[in-house]
Amino acid sequence: MSPAVPLPAAPLLELRDLDVSFRTEGGWLRAVQGLSFTLGAGETLAIVGESGSGKSVSALSVMRLIPDPPGKITGGDILYQGQSLLGFSERQMRQLRGNDISMIFQEPMTSLNPVLSIGQQIGEAIRLHQGADRPEARARALDMLRLVQIPEAEKRLDAYPHALSGGMRQRVMIAMALACGPRILIADEPTTALDVTIQAQVLDLMRDLKDRTKAAILLITHDLGVVAEMAERVIVIYAGRKVEEGPVRDLLRCPRHPYTRGLLGAVPRLGASLKAEKAGRLLEIPGTVPRLDQPIIGCAFAPRCAYAVDRCHRERPPLEARDPGHLAACWRAHEMEPL
Amino acid sequence: MSPRQSFGRLWRRHPTLIIGGLLLLLMGLAAVAAPVLGTIDPQTIAPFDRLRPPDGQFWFGGDLIGRDVYSRTVYGARISLAVGLGVALFSIILGLAVGLLSGFVRLIDQILMRVMDGIMAIPSILLAVALIALTGASLTNVIIAITVAEVPRVARLARSVVLSLKEQPFLEAAVTAGTPFLAILWRHVLPNMLAPLLVQGTYIFASAVLTEAILSFIGAGTPPAIPSWGNIIAEGRTVFHIAPHLVLLPGLALSITVLAVNLVGDGLRDHLDPRFVSRL
Chain C
1 MSPAVPLPAA
11 PLLELRDLDV
21 SFRTEGGWLR
31 AVQGLSFTLG
41 AGETLAIVGE
51 SGSGKSVSAL
61 SVMRLIPDPP
71 GKITGGDILY
81 QGQSLLGFSE
91 RQMRQLRGND
101 ISMIFQEPMT
111 SLNPVLSIGQ
121 QIGEAIRLHQ
131 GADRPEARAR
141 ALDMLRLVQI
151 PEAEKRLDAY
161 PHALSGGMRQ
171 RVMIAMALAC
181 GPRILIADEP
191 TTALDVTIQA
201 QVLDLMRDLK
211 DRTKAAILLI
221 THDLGVVAEM
231 AERVIVIYAG
241 RKVEEGPVRD
251 LLRCPRHPYT
261 RGLLGAVPRL
271 GASLKAEKAG
281 RLLEIPGTVP
291 RLDQPIIGCA
301 FAPRCAYAVD
311 RCHRERPPLE
321 ARDPGHLAAC
331 WRAHEMEPL
Chain R
1 MSPRQSFGRL
11 WRRHPTLIIG
21 GLLLLLMGLA
31 AVAAPVLGTI
41 DPQTIAPFDR
51 LRPPDGQFWF
61 GGDLIGRDVY
71 SRTVYGARIS
81 LAVGLGVALF
91 SIILGLAVGL
101 LSGFVRLIDQ
111 ILMRVMDGIM
121 AIPSILLAVA
131 LIALTGASLT
141 NVIIAITVAE
151 VPRVARLARS
161 VVLSLKEQPF
171 LEAAVTAGTP
181 FLAILWRHVL
191 PNMLAPLLVQ
201 GTYIFASAVL
211 TEAILSFIGA
221 GTPPAIPSWG
231 NIIAEGRTVF
241 HIAPHLVLLP
251 GLALSITVLA
261 VNLVGDGLRD
271 HLDPRFVSRL
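Protein sequences, first through last, are from chains C and R. If you're matching positions, the first sequence starts at 1 in full-length UniProt numbering and goes up one per residue. If you're matching positions, the second sequence starts at 1 in full-length UniProt numbering and goes up one per residue.
Okay, chain C solo, but in the shape it has when bound:
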């Protein structure tokens, strides 16, 4: 599809005050509340949060794939090249999915159809969106397999998923996602299910492909190591709300929100224990994510926060800029020292 000529300043993707809720027996569960962010062309933006924080839900809502019922986008807007995706018909969304915006998943072992060959699966999107015939799609699929650096690509084209390792399958998933040259690639925990050496290879590959294809990446992860490797900007989500946003170096060097500090403290560092003054245990964040089916008064993180003061339990802190481009929603953000 050819959208209206975008304004030069319009970001590729913009979420404005997005609210996503799920109907449950106990009432509405507010999975995402007032989430706003922009994604520029060719940019890599990481969304970080723990399980249940709403990061996957926000990614799925960009694709308009929140299962409805029980889910519903209850407020806000999603703009792709300045156009509201909420006004798109299902047909228009289908043309967008896989073509303009595509997605890779956490589970490479089950994200491929066991009864179709690799070549058929990569070719499917090409045939679907670009009207290619079978031989054309096959040739393009072969190109894509080479692009994602799968050895003996010709042989793999006719292989079935069970014959490939996890890392190979994730490469195939990436090839499928990139087959139509999307503007945005949503990667939902792309390396979580892989072992560490394969993780590094897949991340390298994604970085390399991003440079070549100029696709913007929306990286959803809980792994700050991956964030440091890949992202340019980071958004930290807690209990469905954005609590901190900033350029990756600022945010990792001087996190302004105690939750981000907690996440960083929970990452093991090679050699950290060798330094006498920093020797010690990995930090953990006590407690669990709050229930989202009840209204939260004050800061959602306050019950788990070591820095919490009285005010945190009464009033929700606004998201305020501390440094240029670095926002945090914490009453005590100004007190936070660089790590």
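Where hints are given, some of them may not hold.
Which stretches of chain C does chain R cover? Using the computed rule of at least three CB atoms under 8 Å from a CB of chain R, they are [claimed, not checked]:
| no. | region |
| --- | --- |
| 1 | 106 to 115 |
| 2 | 120 to 129 |
| 3 | 143 to 157 |
It is worth saying that the hints were derived from the structure and are not from the lab. Glycine included, each C-beta is placed from N, C-alpha and C at the ideal position.
We have chain C; now place chain R onto it with these hints.
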């Protein structure tokens, strides 16, 4: 791998599949080539050959009115296999449709499944007898009646496969790639349902052959004029003490056929992605 090698591998891994398949193939060939297998018209009455024991001319002997039991048994294979194949085919198609509808459309799932439960609550023989009584005895009606009784089993299986497939990430991946629903159904759902449905189909085949024989035996199935195995056995039943071959030999054909189909079913189940099928 050459065809010969792959056959050898199949033979070592799933001998039941091959034995069953060969037996079934033999039965099928016999049914098709019945007129040239040394048979005479199965309806020819020869009063002098009444209850004649098996010999060189009447291989399976003669029945109560002197018809050649061998010819009747060979022609009977046509009926039994036609019923088995027909019922398996139609109940798979109908059950698949019901299963897909209830698997994908939540609104009618409850209704359809309660209807299926209702049908399953009635013993299939009873249901078939009632349907035959309602519609009159004919080969078509026998196939329809047994199909109605078998559909719920397929529908339940198909529904459960759909529900488990719906949770598979590769379906979600297909949706995120913008694949239209029908294409998802055709390329991602149906191919993954093939194996379990095929296996189920063989069991239905076997059960339909038996049910047809039972229906004929109690006189509620194929019209007596048609030489189905059930009919032959039913006719021989009264004189079992003086001419047991009238029951035993057609009964043997029936047993071998059902056994062969079941062997094929078991072999297929093991051969076609055992992991997936056994999970269901």
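Results for each hint:
1. 106 to 115: Our answer is that it holds, as 7 residues pass the Cβ test (under 8 Å) against chain R, meeting three.
2. 120 to 129: holds (count 4)
3. 143 to 157: violated (count 0)
Hint violations for this structure: number 3 only, all remaining hints satisfied.
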